[in-house]
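Given the coordinates of chain L, assemble chain U onto it according to the supplied hints.
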Amino acid sequence: EAGVTQFPSHSVIEKGQTVTLRCDPISGHDNLYWYRRVMGKEIKFLLHFVKESKQDESGMPNNRFLAERTGGTYSTLKVQPAELEDSGVYFCASSQDLGLAGSDTQYFGPGTRLTVL
Amino acid sequence: RKEVEQDPGPFNVPEGATVAFNCTYSNSASQSFFWYRQDCRKEPKLLMSVYSSGNEDGRFTAQLNRASQYISLLIRDSKLSDSATYLCVVNIHSGGATNKLIFGTGTLLAVQP
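Here the protein sequences come in this chain order: L and U.
Our numbering applies: residue 697 is where the first sequence begins, and numbers increase by one.
Our numbering applies: residue 11 is where the second sequence begins, and numbers increase by one.
If you're looking for bench data, these hints aren't it; they were derived computationally from the structure.
Among the hints, erroneous ones may be present.
Quick list of simulated restraints, FRET-style, between CB atoms [said to hold, decoys possible]:
1. 41(U) x 760(L): 31 to 37 Å
2. 753(L) x 32(U): 29 to 35 Å
3. 706(L) x 55(U): 17 to 23 Å
4. 90(U) x 706(L): 27 to 33 Å
5. 701(L) x 50(U): 16 to 22 Å
6. 724(L) x 61(U): 24 to 30 Å
7. 748(L) x 76(U): 32 to 38 Å
These stretches of chain L come out as covered by chain U in the derived footprint (C-beta under 8 Å, 3 or more residues) [as the list claims (entries may be wrong)]:
8. 723 to 732
9. 735 to 742
A short list of chain U residues far from chain L (calculated; beta carbon distances all over 10 Å) [stated by the list, open to error]:
10. 24
11. 28
12. 75
13. 123
Note that CB positions come from ideal geometry on N, CA and C, so glycine has one too.
Isolated chain L, as found in the complex:
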């Protein structure tokens, strides 16, 4: 079974430019999450989709970040315009929907390493 995939693996852009990250979850997983690790800090939650709906976007840093999941399959995370502090590793994860049973295992993609110069 294919795991979570992310594209690109690395991106180097200049401050003020736009970057779009893509995540393809495990097939059949309704839940899709974005996380970010800034250098020296812990991995932090950004947002959670259930199918195409944003369930929780409390971790999104500001309105320069836009996440979409049209059709409930893959997701994109756009940063526009990028700032220096946006540099880090952006991880995507997916999980099956176990309804109100609560916790289900989140499987992580390899991440996109973003460097803003």
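Here is chain U on its own, set in the frame of chain L:
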């Protein structure tokens, strides 16, 4: 104060040693607990879930103390391949609507030959 606190290490141990990692969490609403393993420049991978009754998977034993809000991981007979960063992770469910993971900064383990 961080929501999940871990000793960052590094823990340098010889092969065959037993090593213990500890973690505390601050949010009493935390409902699920995990240890993830992350190799250098790779994604986090679930090592094991942690239950109040304690659970064991081969050389790995995890414990949870809800009263103290404390989680531990014990690795026996360390192997070179155990070298990695171990992430303590809690899951907060908010009215069943969200399922976000809260990560500690991780503890770096280096097993020496």
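Against the structure, the hints come out as follows:
1. 41(U) x 760(L): 31 to 37 Å: The hint (31 to 37 Å, Cβ to Cβ) holds, given that residue 41(U) and residue 760(L) are roughly 32 Å apart.
2. 753(L) x 32(U): 29 to 35 Å: Once the Cβ atoms are compared, 32 Å apart, the range 29 to 35 Å for residue 32(U) and residue 753(L) holds.
3. 706(L) x 55(U): 17 to 23 Å: holds (20 Å)
4. 90(U) x 706(L): 27 to 33 Å: With a Cβ separation near 28 Å, residue 90(U) and residue 706(L) satisfy 27 to 33 Å, so the hint holds.
5. 701(L) x 50(U): 16 to 22 Å: At roughly 20 Å between Cβ atoms, residue 50(U) and residue 701(L) fall inside 16 to 22 Å, so the hint holds.
6. 724(L) x 61(U): 24 to 30 Å: holds (27 Å)
7. 748(L) x 76(U): 32 to 38 Å: holds (36 Å)
8. 723 to 732: With 3 residues in contact (Cβ-Cβ under 8 Å with chain U), the coverage given for the segment 723 to 732 of chain L holds.
9. 735 to 742: holds (count 5)
10. 24: Residue 24(U) is indeed farther than 10 Å from all Cβ atoms of chain L, at 28 Å.
11. 28: Per Cβ check, residue 28(U) is outside 10 Å of chain L; nearest 26 Å; holds.
12. 75: holds (18 Å)
13. 123: holds (28 Å)
Figure legend: structure checked against the earlier numbered hints; every hint is met.
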